[in-house]
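J.: All chains should be built: construct the whole structure from the sequences, respecting the hints.
Each protein sequence line maps, in turn, to chains A and B. Under this note's numbering, the residue at position 136 of the first sequence is numbered 136, and the numbers go up by one with no gaps. Under this note's numbering, the residue at position 58 of the second sequence is numbered 58, and the numbers go up by one with no gaps.
These aren't lab readings, by the way, just hints derived from the structure by calculation. Each residue gets a CB set at the ideal place from its N, CA and C atoms; glycine is no exception. You can take every hint at face value.
DEER-style ranges, computed between Cβ atoms: (1) A/23 with B/24: 32 to 38 angstroms; (2) B/25 with A/23: 32 to 38 angstroms; (3) A/71 with B/39: 17 to 23 angstroms; (4) B/60 with A/4: 16 to 22 angstroms; (5) A/101 with B/21: 44 to 50 angstroms; (6) B/3 with A/75: 26 to 32 angstroms; (7) A/14 with B/13: 45 to 51 angstroms; (8) A/9 with B/25: 56 to 62 angstroms.
Take a look at the letters that make up each chain.
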Amino acid sequence: MKISTTRFNELEVDKKDIISFKEGLLGFENLKKFFIVDPGDQTLILWLQSVEDGSVAFPIIEPKIFNPDYSVKLLPAEFASLDLENLNTASVYTILTIPQNVTEMSANLKAPVVINNVLKIARQIVLQDSKLEVRHPMYIDLKKYIVNFTSDDSKRTNITPIADPSPEEIMSPSIKTVPANKPMNKEL
Amino acid sequence: MLVLTRKLGESIAIDDHIKIVVVQIKGKQVRLGIKAPKETKIHREEVYKAIQEQNTEASQADLSEISKLTDELQKK
Numbered sequence: 001m002k003i004s005t006t007r008f009n010e011l012e013v014d015k016k017d018i019i020s021f022k023e024g025l026l027g028f029e030n031l032k033k034f035f036i037v038d039p040g041d042q043t044l045i046l047w048l049q050s051v052e053d054g055s056v057a058f059p060i061i062e063p064k065i066f067n068p069d070y071s072v073k074l075l076p077a078e079f080a081s082l083d084l085e086n087l088n089t090a091s092v093y094t095i096l097t098i099p100q101n102v103t104e105m106s107a108n109l110k111a112p113v114v115i116n117n118v119l120k121i122a123r124q125i126v127l128q129d130s131k132l133e134v135r136h137p138m139y140i141d142l143k144k145y146i147v148n149f150t151s152d153d154s155k156r157t158n159i160t161p162i163a164d165p166s167p168e169e170i171m172s173p174s175i176k177t178v179p180a181n182k183p184m185n186k187e188l
Numbered sequence: 001m002l003v004l005t006r007k008l009g010e011s012i013a014i015d016d017h018i019k020i021v022v023v024q025i026k027g028k029q030v031r032l033g034i035k036a037p038k039e040t041k042i043h044r045e046e047v048y049k050a051i052q053e054q055n056t057e058a059s060q061a062d063l064s065e066i067s068k069l070t071d072e073l074q075k076k
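T.: Right, here's the structure in full:
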């Protein structure tokens with residue numbers, strides 16, 4: 001089916017990819033059907049796009065990317081409401097707030113979106129853990145992840161032409177200068 | 001809305017398993033104790049309000065912020 005959106009123009013969506021939010025999202029209780037858009041940019045941010053209102057989309061991300069220790073503890077009733085026994089067949093996303101000053105971006109760790117990937121039903125679940133923040137600043141952690149990610153890539157691609165000459169050229173002068181001075185000082 | 005008057009130490013029962021006790025009254029503040037089954041969700045209402053606001057703000061992001069973010073994230 002074709003869905004027109006304000007951010008991504010017209011998108012073709014397979015009916016089986018549409019996710020039902022029985023209760024909507026907090027503040028958006030009237031919107032029940034969404035799908036995930038991957039714009040394929042470097043930020044790893046996806047969008048939860050409303051089917052019913054083309055202007056409504058939430059930037060989302062997998063919290064494990066910037067917070068590997070994050071774990072979602074659901075109550076039995078919450079598992080039941082999503083027809084889940086555990087999180088093995090579920091996806092967990094956090095909704096991001098991205099203000100004009102993008103370095104102040106934050107993630108809602110208190111109320112993640114949990115999706116049953118098999119049945120395509122989902123809820124935004126308010127977790128009981130009082131330490132979790134609604135606006136958890138995470139720009140620096142995301143940047144760390146992305147910088148590591150890209151620098152790993154560049155190491156891989158450049159390994160043959162640059163790896164041999166550059167370490168010697170850069171390392172050898174510094175190795176020479178440091179030991180040459182230090183022993184002398186120690187001896188004196 | 002049902003309105004009940006309670007004194008310090010008195011309580012209200014909701015269904016068979018939920019009990020709310022007035023634990024302390026201090027000026028304009030009331031401390032409530034809540035006994036409920038583990039699976040009952042209890043939050044201060046502000047939590048829901050904060051999430052509503054966060055959702056509303058989040059939904060206003062557009063692709064210009066993302067491209068700004070992409071540039072910013074790639075700076076060394």
